[in-house]
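Colleague: Hey, can you work out the whole structure from these sequences and the hints?
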Amino acid sequence: MAEQTKQQYEFKAEMKQLLHLIINSLYTNPEVFLRELVSNSSDALNKVRFMQLTNENIHSKDAPLQIKIELDEKEQTFSIEDTGIGMTEQELVDRLGTIASSGTLEFIKQIQESKGKLDGNMIGQFGVGFYSAFMVTDEITVETRHASPDAVPVKWISDGQGTFSVEESEREERGTKISFKLKDDFKEFATKYRVESVIKKYSNFVDYPILIEDEEINKKGALWHKSKNDIKDEELTEFYKFISNDFNEPLDHLHLAMEGRMNFKALLFVPKQRKPNFFQNEEFKSIQLYSNRVFVQDDCKEILPEYLRFMEGLVDSEDLPLNVSREVTQYSPIMNKIKDVLVGKILGMIEYWAESEPENFKTFLKEFGPLFKSGINSDFANRDRLVNLLRFQTTKSGDDELVSLKQYVERMPDFQKEIYYLSGDSLRDLRNDPRLEYFKKKDVEVILLHDPVDSFVVPGLMQFEEKDLKSIEKSDIELGDADEENKDALSGDALTKLIGVFRDELGDKVEDVVASKRLVDSAATLTVGKEGMDSHMERMMKMMNQEIPASKRLFEINPAHPLIKNLAAMNEAGKTDRVKLFAQQLFEGSLLMQGQLESPTEFVNRMTNFMKMASED
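In case it helps, the working numbering puts the sequence shown at residues 1462 to 2078.
A couple of the hints might just be wrong.
Calculated cross-link-like contacts (lysine to any residue; reagent style SDA-like; alpha-carbon spacing at most 25 Å) [unchecked claim]:
hint, residue 1, residue 2
1, K1867, Q1924
2, K1689, P1670
3, K1857, G1830
4, K1653, L1532
5, K1644, L1532
6, K1680, E1812
7, K1823, E1812
8, K1931, A1955
9, K1693, E1657
10, K1800, D1760
11, K1529, Q1468
12, K1935, P1913
13, K1736, P1831
Bear in mind the hints are in silico, worked out from the structure with no lab data behind them.
Modeller: Structure below.
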C-alpha cells in the first residue's frame, strides 16, 4: 500500500459513543491505560510464541520475545512496543475500528449509570482496554506488522473523535508499536519512576521481559511453578490482580501441584466480588490453559463446569500437546481427570469455609450463590456435596442467618415428616404470606425461597435424608393430629351454602372452593392441588417464554374469620349479589398477594365501591 493509498475510515456508531465517554469522563484510575497496553502486548507475545512452536514460517523468527517502553520526559512522549504476532491491515481496521463484543453497550450503560465517572476496573473487565489510552493523549499512532512472512506493515492513526486512517508503515520487525504524546495533566507517565511503579503494581508477572531504557523491570516467571512456601501473600494478590483485571484482593485461592498418573499445576482464585453484569455476560474469560509453561488458551471452558466459572486463574499441564484445540480439550481424558481434581478441590475449599470461615462463605454465597447452586442440576457426581452446601433463610431465621437442610431436619418436630418451603419474589413478602399461618401456629419451620434459582433447584431435589421436599402451596398438607374443632368457626348448612355461592361466582377460575384447615388470621388464600405447579415456578416459566397451561388453584376460605361469618349471614339474609362481589374481591386479593393478578383495574374499582358503601352506612 503506497502513501497515496492512505485510507480514511469512520468509527462504528457504538465506538464513537464509547470513545466520547472515555475521552470526556472523569477517569478515576488513569494509570490503568498502561496496564491494558502491557496486557495487550503480552497477549500478542503469547500468540507468537505458540506460532513459533507450531509454524517454522514466521517473520523475524529470531526476534526476542519482549516488551519495550520508551519515554521522553521533555517531549512528554510515550511508546510501547512488542515483538508479538502483530496485525494485518484488515485486522487493524476490524479491531481498532469497531467492537465485536456484545458487552460494549453494557459497558457504555455502566459508564452512564456511574454519571460519567469511569472506573479503571470497568475498562479491563469489558475488554476495551486499548481505548483507555485516549484518556491521556489526543492522538494515537499504531504501527504493526503481522508475523506472516508476506504481511504488509501498516500504520493506524486516530484522535478518537470519529475517524481513523490506515496507511503503509516502514516497520521492518514483526509486532506492534503504540506511541503518542501525553496531555499535560498526565505528563507523569513520561517518567521512568512513574511507569515502573505502575508496571510493578499491575504487570509484574507478565511472562516476558518489560524493558524501560533497556532495563528489565518486571519479575517475570511462572509463579505457579514455585513452592507454596516460597510465595508471599503479596505476590499472590499481585498476580491475581494481573490475571483478573480486578482491583480487589481475592477472597481465597488454591495452589495445586499434582504429580503421578497426571502432572499439572494450578493457581486458582475466588474473587471477593463479582464483575459488573456477571450473570448476564457470557463473554467473561475464566481459566487460562498452559502446556508446560507455554500459553495455549485464554478461556478454557472445558477445564471447569459452568457453575464454577467465577474462578480466575490458570492450569499448566505437562501432559497436553501444544497444539491442543477446543475439540481436544472438550473430549480429552486428561482434561476430564484434571477437571475432576479441580472440582473436588474447589468444593473442598468451599466446604471448609462453611465449617470454619463463615464470613468467607457468606460473601461467596452473596456474590456467586445463584450460579453455584445451578450445579445441582448439572453436576450429578457431586450433587450430594452441593446439596449440603445449600443455605436458606427460613421462618425461624433472621434475615442475615442462613440455614442448611441438615440443620432444618435436625430441628424438625417429631410429628413433621416432610421439608416445607415457599417460593416468592422477596423475603419480606414471603414472611407476610398468609399460607404460613398454619405452620407458625404448629411451630413448623418453612424454608423461604426468594432467589429465582431456588425455584428451579429445590423442587428438583425431591428428597433430603429420606424426607420429601414439599411446597406449602400444596393443599394436601397435614401436620400431625387434626386441631380441635374451633367452636366459633362457621359450620353446617350456612358454610355449605356460602361455599356454593363462591363456587357459582368464581366458576372455572378455580379448581374448587373449600373450607381451609390452614388459615388462622387471614380470610382466604389460594393453594395448589396435587398435580398443580408452584405459582412462583409457574410465573418464572412464563417469564422464560415457556408454554405451560395455567394451573387452576383451590380457593380456601377461613370459616373462623369474622368476614367469612359476616358473608354467611349476608347470604342468609338474601344479599347474595353483594356476597358474590366479596367473593370476587377475596379471590383477586389472593391473586394479588401471590403476584398472579394480571389486571388490577377491576379489583381497585370494586374496592372503591366497597369503601363508598361503607361510608354511606
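Colleague: Holds or violated: K1867 with Q1924, Cα cutoff 25 Å?
Modeller: OK: K1867 and Q1924 at ~12 Å, within 25 Å.
Colleague: Given the proposed pairing of K1823 with E1812, does the C-alpha separation stay at or below 25 Å?
Modeller: Within the cut-off at roughly 12 Å; holds.
Colleague: Is the straight-line distance between the alpha-carbon of K1800 and that of D1760 25 Å or less?
Modeller: 14 Å, holds
Colleague: Verify the proposed pairing of K1935 with P1913, using a straight-line Cα cut of 25 Å.
Modeller: 19 Å, holds
Colleague: Is the straight-line distance between the alpha-carbon of K1680 and that of E1812 25 Å or less?
Modeller: Distance of about 35 Å is beyond 25 Å: violated.
Colleague: Is the Cα-Cα distance between K1931 and A1955 25 Å or less?
Modeller: Judged against 25 Å, a Cα distance of about 33 Å means the pair is violated.
Colleague: When you check the alpha-carbon spacing of K1529 and Q1468, does it fall within 25 Å?
Modeller: 29 Å, violated
Colleague: Please verify whether K1689 and P1670 have alpha carbons no more than 25 Å apart.
Modeller: This hinted pair holds, its Cα atoms lying about 24 Å apart.
Colleague: Taking 25 Å as the top limit, are the C-alpha atoms of K1693 and E1657 close enough?
Modeller: Roughly 21 Å between the alpha carbons, so the hint for K1693 and E1657 holds.
Colleague: For the pair we were handed, K1736 and P1831, check the Cα-Cα distance against 25 Å.
Modeller: Holds, at about 14 Å.
Colleague: Take the C-alpha atoms of K1644 and L1532, compute the straight-line distance between them, and say whether it is at most 25 Å.
Modeller: 14 Å, holds
Colleague: Would you check the hint for K1653 and L1532, treating anything up to 25 Å between C-alpha atoms as holding?
Modeller: Roughly 7 Å separates the two Cα atoms, so the pair holds.
Violated hints for the displayed structure, listed by number in ascending order: 6, 8 and 11.
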